[in-house]
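*Asks:* Here is how the chains run, residue by residue.
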Amino acid sequence: MSAVIHEDHHHDGPPAGFKRWLYSTNHKDIGTMYLIFALVMLFIGGGMAMIIRAELFMPGIQIVNPDLYNNLLTDHALIMIFGMVMPAAAGMANWMIPMMIGAPDMALPRMNNMSFWLLPAAAILLLSSLLVQFIPGTGVPINTGWTLYPPLSVQTGMGMDLLIFSVHLLGISSIMASINIVTTILNMRAPGMPFMKMPLFVWAWLFTGLLLIIVMPVLAGGVTMLLFDRHFGTSFFDAAGGGDPVLFQHLFWFFGHPEVYVLLLPSIGVLGLVIPTFSRKPLFGYKPLVFFMGFLFALGLVVWAHHQYTIGMSLGATTYFMIGTILISIPIGLMLFNFIFTMWRGSLTFETPMLFGIAIILMFAFAGVTGVMLAVVPADLQYHDSYFVVAHFHYALIPGAVFGLYAGVFYWLPKWTGHMYNEKQGKIFFWWTTLSFNLTFFPQHFSGLAGMPRRIVDYNIQYIEFNQISSIGGFLFGLSHLLFLYIIIKTVKGGEKAADKPWEGAQIGTPGLEWTLPSPPPFHSFTTPPQIK
Amino acid sequence: MNQNPQHTSKQQNAKTVRLMFLIVIGMFGFGFAMVPLYDLLCSVTGLNGSTTGRIQDETALTSRVDYNRIVTVEFDATNNADLPWEFRPTIKKVDVHPGEIKEVTYFVKNNANHAIIAQAIPGITPWQATNHFNKTECFCFKQQKLEPGEGKEMALRFVIDPTLPKEYRTITLSYTFMDTDRSKLKQNGDMPELHTFVISKTPNNNI
Ligand code: HEM
Ligand SMILES: [Cu+2]
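Protein chains in written order, with our numbering: chain A, 198 to 730; chain B, 1057 to 1263.
Just so you know, these hints were derived from the structure itself, not from any lab. Where is the CB? At the ideal position from N, CA and C, for every residue including glycine. Treat the hints with care, as some may be off.
Computed from the model, here is a short list of chain A residues facing chain B with C-beta under 10 Å [claimed, not checked]:
1) Ser432
2) Glu662
3) Ile666
Away from chain A, derived, C-beta distances all over 12 Å, residues of chain B [stated by the list, open to error]:
4) Lys1071
5) Val1080
6) Cys1098
7) Asn1124
8) Ala1137
9) Asp1151
10) Glu1156
11) Lys1158
12) Thr1161
13) Ile1177
14) Trp1183
15) Lys1191
16) Phe1195
17) Lys1208
18) Arg1225
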């Protein structure tokens, strides 16, 4: 192995100056850019959440007007999903997948560059769609929520056009990134890295990439029709011209439901590395776990209308979607059991990534429970569009996606930077963020069950206490991320030197090849395929 | 897994990428194919409750009246997006026998000071009754034009198909009049109260 690494030093280092980044085709540099972009978006989207929580601290209208409130709500969701979670997961894929499978780089390095650089352009369009309302004559702000349902989305002002173009760019970017990742995984594995020896993270991204390739184009088609309805006199979604607004809902959720697995799966992949590492035991049931992910992938494509129970579907269709949705909780539950059995009788230590791992299992299981409640049609008719749904998906997405990424950040920071992060600060961050997350979102189950509707700037005074707890929790949650930023910056800048194998447990089971490289790895790695013993 | 990845991977990659792009293009097309497919599904099943259900008078006359059953038909009228029309059924509901031809009227008046052309869109609840609710005459069959201040009564003649399953005893027929000039909906007008960050308390509802 070491012979291979020595050879790497003959290669050129990175080019100097801005060209290193602008023209980069290096998977590590592009991965870094993705991660930095995601971090910036985390703070922008988080800032919007802070305004939302401040507004909801009291009933009535204090800070933002209703349309601006709904626009912030819409952009908060879109930024967190498309700007934060997906780029962060793509950044980790860029960094880790070639190193894990022993490839010199991604399969299509130039396309890789383009998929990244479309993102800042999309972000600028997205933010201008928010700001354009302050220019007179541009019409109503985007007050639809991230689902962009017509007829409202056909009637809003110019911001919607900018947003539609932004969604196009985001879609193209993630389709290209997915094609690249899938191609890399299928074709670039080193000899001796068969499918069934790939680290779980690689498997998770294979499914994620395929999902994106299948559903992203449908969203792109849907918003394109929206654009046509707005400007070219078509009536795809306009009943006056023979269209049907419900059609958009189907197109949106055909994308939207698989999208939640796009957000979830990379983090499940990270869990599949973190839990065995700190349990010092191979992953329990590696093959079944891969199978469950495949099952989730397939079933996830055909249950979308559980978001639309209230539109008046036939009994047959409703029953089908209900049973399908309940079935989904089976592979999800089994995955969690795999992780629990991996920990069973392991010699556990509780470094920051592991703390996140365990917290994810607990809190994400809770989202699974509320998910099954929502899947049941008669119950959902009450819960739909209430804060109960908000609580459900924040429990699913923050532990299920975001905390998984945080676990990944702490797990791989030593490899990326060559420095150990400060374990004590990491643990403070973990407890701070986990407790404040629960403080924020747990009460929303109650306000939702009591009937508080989502996406409305004002609320009845009966919900005051729940909302004040939520807001205080929200501010603490937001604040905890300053510590996160501090830890990251400090670790990048310096700190204790990290070993090549900072986690001794990472060698167990189906390890990737990244641990055979030094920390930080050389600019070019595995230029000749490694030999796997 | 090929044994010499550095050698063949370029061609192999090109092949994989081509396949992926085909999927992307196919799925983009699939999205658009949903439009006619969805329409077809709805008109076959009546799923969205909005087929016009138009039949000829002769066809209506041939169906046998089932005097043993009574179905209550309720009428409902809505204006879409602040259409300045007065629009209401002249009676709230009628009881009919399946197979019996019934005529009712709706009243409509244009309160705006300009002529407006609008289209009525029907909806039937429960939607399962849609394909059993047949009309021989309806103001929804064509667009209606009203001069400023003009008012009129419009006819609706319908017959409920005796094949309507027994469990449906009440059917609600709902019409929504929609302005055919859609440009007014896309308000690109100015919204002065938005230009400060700390904002007035009146929600903007000139939609
Ligand atoms: C046990 C598995 C799950 C079940 C049975 C389930 C079920 C549901 C149902 C029925 C709804 C619609 C609620 C309504 O609008 O009335 C919903 C909403 C949602 N779920 Fe789940 N869910 C599950 C897991 C997940 C996961 C894993 C994620 C993401 C990682 C997720 C994210 C969401 C989101 C984002 C929404 C709300 C979308 C919106 O309306 O804006 N769910 N879920
Ligand atoms: Cu869903």
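*Asks:* Now look at each hint and say whether the structure bears it out.
*Replies:* Results of checking the hints against the structure:
no.: 1; hint: Ser432; in the structure: holds (8 Å)
no.: 2; hint: Glu662; in the structure: violated (24 Å)
no.: 3; hint: Ile666; in the structure: violated (25 Å)
no.: 4; hint: Lys1071; in the structure: violated (9 Å)
no.: 5; hint: Val1080; in the structure: violated (5 Å)
no.: 6; hint: Cys1098; in the structure: violated (7 Å)
no.: 7; hint: Asn1124; in the structure: holds (26 Å)
no.: 8; hint: Ala1137; in the structure: violated (8 Å)
no.: 9; hint: Asp1151; in the structure: holds (25 Å)
no.: 10; hint: Glu1156; in the structure: holds (27 Å)
no.: 11; hint: Lys1158; in the structure: holds (25 Å)
no.: 12; hint: Thr1161; in the structure: holds (23 Å)
no.: 13; hint: Ile1177; in the structure: violated (5 Å)
no.: 14; hint: Trp1183; in the structure: violated (6 Å)
no.: 15; hint: Lys1191; in the structure: holds (17 Å)
no.: 16; hint: Phe1195; in the structure: holds (15 Å)
no.: 17; hint: Lys1208; in the structure: holds (20 Å)
no.: 18; hint: Arg1225; in the structure: holds (17 Å)
The earlier numbered hints that this structure contradicts are 2, 3, 4, 5, 6, 8, 13 and 14.
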